[in-house]
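Here the protein sequences come in this chain order: A and B.
Last residue of the first sequence: number 317 in our numbering, and the count goes up by one each step with no gaps.
Last residue of the second sequence: number 841 in our numbering, and the count goes up by one each step with no gaps.
Check each hint, because a few of them may be wrong.
As the list claims (entries may be wrong) - So, partial list: chain A residues that the calculated Cβ filter (under 7 angstroms) puts toward chain B: (1) R144; (2) M251; (3) K289; (4) I291; (5) Q293.
Stated by the list, open to error - In silico DSSO-like links for lysine-lysine, alpha-carbon gap of 30 angstroms or less: (6) A:K148 to B:K276; (7) B:K276 to A:K226; (8) B:K220 to A:K216; (9) A:K148 to B:K655; (10) A:K225 to B:K276.
Derived by calculation from the structure, the hints in this document are not laboratory data.
Note that beta-carbon positions come from the ideal geometry of N, C-alpha and C, so glycine has one too.
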Amino acid sequence: MKPKVAFFDFTGCEGCQLDALNLDGEQVIDLLNAVDIVNFREVKTERDDDYDIAFIEGSITRESEIQRLQGIRDQAKVVVALGACACIGGINCLKNHVPMEEALRTVYGKDAKYYDTIPARPADAVVTVDYYVRGCPIDTAELLKVVKALLLGKKPDIPSHPVCVECKMAGNVCVFERGMTCLGPVTRAGCNAICVTSGRFCWGCRGLVDDPNIDSEKDILQKYGLTVEQAVERFKIYNTYAEVTK
Amino acid sequence: MLENSVLIVDDEPIVRESIRDWLRDAGYQVATAESGEEALEMIEKEDFSVMVLDIRLPGQTGIAVLKEVKAQRPWIKSIIITAYPSAETTTEAKKLGAIDYLIKPVAPDDLESLIQETLDSVGREPTVITAAEIRAKPPVVEVVEVKKSLVITKDGLKSIVESLVRETEVVGVKSRHGKYVYDRIATWEELCLDYDVTVMPPTKYLLPAKETLLKFKVGDEAQVEPMTEALPRAIIGVHPYDVKAIELLDEAFMATNPDPNYIARRQNTIIIAVDCLNPSPKSFAPSMDTRLTETGFDLLLTDIGDDYMVAVGSEKGAELLAKYAQAREPTGSEIVRQKAARDEALAKYKLSLNVAKERLPKLLEESYDDPYWESRTEACLSCASCVMVCPTCFCFDVHDEVSLSLKEGERSRQWDGCMLVDFAKVATGENFRHDKASRFRHRIFRKGKYIVERYGMVGCVGCGRCATACLADIASPLEAFNALAESAGLKEAATRKAMAVRPDTALYAPRPAELVKVDELTPKEKVFEFRFKDGKALGQRPGQFAEVSVMGIGESPISISSSPTKDGTFQLAIRNVGNVTNALHGLEKGAIVGVRGPFGNGFPLEALEGKDVLLIAGGIGLFPLRSLVQYVLDRRSSFGRAVLLFGARSPAERLFLDELAEWSRNPEIEFHETVDRGDDSWQGNVGVITTLIPKVDIDPRKTMAVVVGPPIMYRFVIGELKKKDIPDENIIMSLERRMKCGVGKCGHCQINGVYVCQEGPVFTLAQLRNLREAV
């Protein structure tokens, strides 16, 4: 029996689901040989509420989403958070810095009264999440890696170390030595340091490593020219929910 | 005459000895001669089937020797090797019956197969298969000798580089973002030879960030194919400190358990080094004695203005010069200019070690508990940048990846480092170096002590890369050494050379073994019985471990539970704690797994024989100890009294129930057991295992105690054994660590400087008292 896989989107841009589709033809065939995709709004209209593995995209920003996610958790054997919004709350959590009424007013103006909103949160703030496919957007290869691990019944080898490791493996000149600043030293790897390799710096989209040394990172950001406020802003972009900026 | 006797005639000791060692390893009877005269003397006294002959010899030439041999011993097959091929000598050699004509540097495996072919085909017609190739080469130029210093023009160097670019992959130093990096070079113009330091060291071409070790097929026809890459490559512009680092890697990867992947790359790499004349401000190479080098390169350049001084470090280097550049003897003033350039560079170093580097191991030994470690690590990000950029760091991790069809996959290794949080964490969750200070100390100890003691070479080459890469500014070993500096005396270990090494191609390749029986011991533990598909025995000692693979999932170290006295099969008792053990628990009879090993030292049987043996197992400590219990019972007369104590947490967690019952009835062994907490069904002892020890009558003068159990148990059991006056040397323990590779390379299992997979997992208490990280 092929495992039944379902994709669900919550609050987010659906870019991670699009990336999940970013496979070449042969991979699609192999994937469809391995799993039954029963629920995937970006791909097909039929829906089936009998599934084994649920991929959750987006963060949770409304009361109604809490119940919906709990329902999915009750049905699925395995729940995988897909992308920064679902894994760590992501940029949606930027609104958590203002009162919810203000957030509604800013977005909807006079129609604000028709909407409700709650502070944005990652999937695991609501239900138990088994595995994470991180990043903004996700890396398709990593998604496949997680799918293959699930099919083999093993825990995926997702790095717990910081981006610096992969940056060194890529042979990059350190961002700090190029006159910029970077969240790589406290951000979870797995992206092959793609932003730095492409000439930018790490924004922290994969979330923080376990037990990150935030004090040291802040000192370093300041040593390399950011003000305290700028350093905090840098963390806020993706990692508001981790509350490291308080 | 021995059918496989080979005489090597070459005046170059490196060539002579390396070919000799290679062929001896391959099973040939090998003799050597330094000159034609010596060779002829030897041939007169004894016969050889094959002669490997250098053409250029002091005194009688190779051709003269060949003539003499043809006259006296026409049946000896001769293979000519030379760095200076010419059409004339080829024709001459052919006339004299030479079988083949190889151009130096000769790949030892090519030579070996040629010799084998020669031996296999008696009466083979002399052929000179490389003659066409030889004609295509440029005319012979003047003799270039190893160890010589010559002068070439910058155009001469350009010609060497451009020729190399045409023939092979060339990497060199390039400028990027105002820093320097090693990268592929397509033209001479891209190459930068005057630089301070590169971001990453050139060792990445010998140990890449990620490389495939095996390809495998998943399923019943599990197939494993070792993979090595042997792309010929030249690295241009290597600074002497990096040359020294490569010499250390050679020692680590070639001297013992020769690593096939490393060796394939190393033996296909040409190193053109260059003296560092503008050192990085963070470098302290002079203090580590790595500012200059006389070994480890094929060519070494020094920029002396218009020209380069070039030192020839190998036959390969000599060949390059001979083929592509007009090298000449240096003038007196050029020698002076080289010295001046080096002295000027020396004056530019700003940092130095305030203690002789020879003193570092002692200094560190005395500084183990120094508050320095804690004080420096508050800012540590555990990002491992320091170890990633280090040319002498070589630890790695291993992962399996499968295709989406789940039918085939690859096992690859990638860089790992002891500064990462999980580096010393085992499957059961215990992290043996869980705090930043102990990881920091371990790294500095490796650089200043462990590597020095293990390999006899400096563990830090003073390149300064880690100090540059560390954002928290704490990584410099120099700073640590200087801060800890005290006076002490010590000896420098001898160094070895390990170039012509035969790789162990199967080093990482598991052998297929079939699961012939599986029994559940408890809901979490099963015992598996395996037999190798090739029918061979595992050949273990009690107390050793094996690396067990479920292809696609991964590989784990598992202690061997059965004694070698049980024929044909071997048993592994396994608790389900991680990916691999979970997959093993799902297997049924007939399944195929991969097994490497046995590894480790095992219990010291020689020391146990003739003694009373007190065997103490706590919980799954019985898994490895069972092999010894079986061994003692099967060789009962070799031992004195045999006492076995076993403690489980509860009656439900007792293991090997049939055997426990049998041991309790067997008059050959005194068996006592206990459980921490009893239940209604339990009639026996209740209490922790230490409560059994006082009940046993022990003669401390002739008792050896062997203890295996969880870490927490050791402290209490040792306390009880000491009450019985058993000396530390006679208390033996087996330790658990993350033994990822099993062959002393990956670094995960280290306790201080000890590799548990090599020197362990069995230690005496006396040994462990000197290993601070042990218990």
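Comparing the hints with the structure gives:
A least Cβ separation of about 23 angstroms between A:R144 and chain B goes past the 7 angstroms threshold, and the interface hint is therefore violated. For A:M251, the shortest C-beta to C-beta distance to chain B is roughly 11 angstroms, which exceeds 7 angstroms, and the interface hint is violated. The criterion of a C-beta within 7 angstroms of any C-beta in chain B is not met by A:K289, whose closest approach is roughly 11 angstroms, and the hint is violated. The beta carbon of A:I291 is positioned within 7 angstroms of a beta carbon in chain B (closest approach about 5 angstroms), and the interface hint is therefore held.
For A:Q293, the interface hint is violated, since its Cβ never comes within 7 angstroms of a Cβ in chain B; the closest pair sits about 12 angstroms apart. In summary, the hint linking A:K148 to B:K276 is not supported, as the alpha carbons are separated by about 34 angstroms, beyond the 30 angstroms threshold. Taken as a hint, the B:K276 and A:K226 pair is honoured in the structure, with Cα atoms around 21 angstroms apart against an allowance of 30 angstroms. With a C-alpha separation of about 51 angstroms, the suggested pairing of B:K220 with A:K216 is violated against the 30 angstroms cut-off.
Our distance criterion of 30 angstroms between C-alpha atoms is met by A:K148 and B:K655, whose separation comes to about 28 angstroms. Proximity of A:K225 to B:K276 is assessed by CA-CA distance (about 21 angstroms); at most 30 angstroms being required, the pair is judged to hold.
This entry does not satisfy hints 1, 2, 3, 5, 6, 8, going by the numbered hints stated previously.
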